[in-house]
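Chains A and B, in that order, give the protein sequences. For the first sequence, our numbering begins at 236 and goes up steadily by one. For the second sequence, our numbering begins at 375 and goes up steadily by one.
Derived from the structure by calculation, the hints contain no laboratory data. Nothing here was measured: the structure is a model prediction, and the numbers come from that model. Treat each hint with caution, since some may be false.
Listed next, the in silico SDA-like pairs over lysine to any residue satisfying Cα-Cα at most 25 Å (straight line) [stated by the list, open to error]: (1) Lys387/B - Arg262/A; (2) Lys403/B - Arg417/A; (3) Lys264/A - Gln431/B; (4) Lys264/A - Arg454/B; (5) Lys588/A - Asp542/A; (6) Lys254/A - Thr471/B; (7) Lys325/A - Ile460/B; (8) Lys574/A - Arg452/A; (9) Lys325/A - Arg447/B; (10) Lys264/A - Pro395/B; (11) Lys264/A - Thr383/B; (12) Lys670/A - Tyr648/A; (13) Lys403/B - Arg262/A; (14) Lys387/B - Glu271/A; (15) Lys323/A - Ile377/B; (16) Lys264/A - Leu396/B; (17) Lys387/B - Arg417/A; (18) Lys254/A - Arg447/B; (19) Lys323/A - Pro466/B.
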Amino acid sequence: MAETNIDSISHDVAEQLYKQNQELAVRNKTLSLLRELYQISILTIDPKTLGGRISNLLLDTLELEFVSIYSYTPETGPALLGYSQSPKLKESWGSTIGGDPSDKQIDLQREAVKKLLSGETIIDSNLTNIWSGVNDEQLLRIKGFCHIRTTLIYPLMIDGAVRGLLNVSLNREYNDLSQFERESIINIINVIAVALDRSILYQQIKIANEKLKELDRQKTEFVSIASHQLRSPLTAIKGYSSMLLEGSFGPVGEKAREAIDRVFQSSQKLVLVIEDFLNISRIELGTMKYEWGNVDFEKMTSDIVGDVRHNLEQNGLQINFKAFPAPVGTYTITADSGKISQVVSNLIDNANKYTKQGGIDITLSKEGNAIRLTVKDTGVGIDPTTMPKLFAKFSRSNDAGKINIKGTGLGLYVAKQIVDAHHGKIWAESEGVGKGSTFIVELPVSQTK
Amino acid sequence: MSIYHQIATRIIKEQELIIGPLAWSEARKVVGLKVIDKQAGQKDFVEFSSDTPTESQEVINRLVAQYERLFGRASREVCREVVNGIIVDLQPSEIPTSLR
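Full structure from sequences and hints, please.
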């Protein structure tokens, strides 16, 4: 008698343990499915690939006959992202209708389906209530062959709005689904909705970005064409005003000379501005051409300093240039002479613009495998907040307005692009506002082009 | 793999998720069912001593009963649920009685 009782108790315990283990097994399987879904959603960014991968996973794990995932907007309706079908469905659909179910659309106009849009789930046993563009008789034949008993359509909701649909067809009644299957389906809906939303957002950003790039390219092309068109008449204005000043068309009175000189100076400034715009266009369209050759950087810098010295001294500024002694040829680099000369001129011109008293010290030295040009001024200095965007397009010092500096804000950007093309480096240092600035350019001594 | 092989394999694997390796030990005790120690290249997990449908159904009934004897009614429900998707292709008379 006692033995029977013990047997009975141990059997009860075994049954209880079994039930608890069964619950744990269901949770394990659900978690495992969710983990795989998360992995897919993290590693997949393209909406169609995401839809296909999730469909395959659900079909295999839950032994479904058909899974499809749609994105949805009120304007476009449902758009298929991915689907997966059982071999039986593939065979019967192919032989009955031809093609595969991805050609057909969930018909949101049908009464049985409309409630999806208000967030309700559809549980339907009749395929003909859902699909459009398919003969009912054919659908019933497929349904019979694949034993499809239930079709479930879930709205994938984000912030209360339907962003997609998940459609699953299975060969069992909904009430016959196991605990694991029911829990899994409920748990995965939100995961799929979030993954889908993220993926669609990414796609939209990508498309917007491509449009912006195209607009930017068109803008650059427009600036290039406009600048070219402006340059020709300006060359004529500059040339003829210069000839007038030189007396090529006879003597010019003092008042007229003053006016013509202004025309000449203004056209000269405008030519430089247009040259900046053209350089930007060439850089952005990738059409900037470099003519490489050996350049004596010391001589080039010395010549530029010589050219500007008079002007600077008239403004009450000192300018000094010093090349640290080095063997002959040390300061010879492989470069595009015209463009590197533009960089040096630009730095000196900037130093001049932003320095009201004191002077500019220019030094040349060899640092390892590079030669270093330093342009140091006693000017307005650079605010630390301006420093990070100093070499960006249309960037100007915050103090430019205070001291009436005119410029396009393109000079340093162009300089950086040119230095980059020479595999060099350019940067600025300043201890702050009112403490002067130092611009440094490093160019490799020799390089392979 | 015949549908009865699929059913037996599915049942044992599902029971393994709940009770661990014991599922395979108990399956080995079922008369008419041979559990194969997996070797490279082998597809099947189990073999039936007779391939007739009637005998295969009986083997599956014995397998289900083996688990039920130890773990009660719940284990029988697990067996039924797990083969739901497979038995739809069978005629009612072809479905082992323990799974109907």
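Hints, verified against the model:
no., hint, in the structure
1, Lys387/B - Arg262/A, "holds, 16 Å"
2, Lys403/B - Arg417/A, "violated, 33 Å"
3, Lys264/A - Gln431/B, "violated, 28 Å"
4, Lys264/A - Arg454/B, "holds, 18 Å"
5, Lys588/A - Asp542/A, "holds, 16 Å"
6, Lys254/A - Thr471/B, "holds, 23 Å"
7, Lys325/A - Ile460/B, "holds, 17 Å"
8, Lys574/A - Arg452/A, "holds, 23 Å"
9, Lys325/A - Arg447/B, "violated, 37 Å"
10, Lys264/A - Pro395/B, "holds, 17 Å"
11, Lys264/A - Thr383/B, "holds, 18 Å"
12, Lys670/A - Tyr648/A, "holds, 23 Å"
13, Lys403/B - Arg262/A, "violated, 29 Å"
14, Lys387/B - Glu271/A, "holds, 20 Å"
15, Lys323/A - Ile377/B, "holds, 15 Å"
16, Lys264/A - Leu396/B, "holds, 19 Å"
17, Lys387/B - Arg417/A, "holds, 20 Å"
18, Lys254/A - Arg447/B, "holds, 10 Å"
19, Lys323/A - Pro466/B, "holds, 20 Å"
Of the hints listed earlier, those the structure fails to meet are numbers 2, 3, 9 and 13, in rising order.
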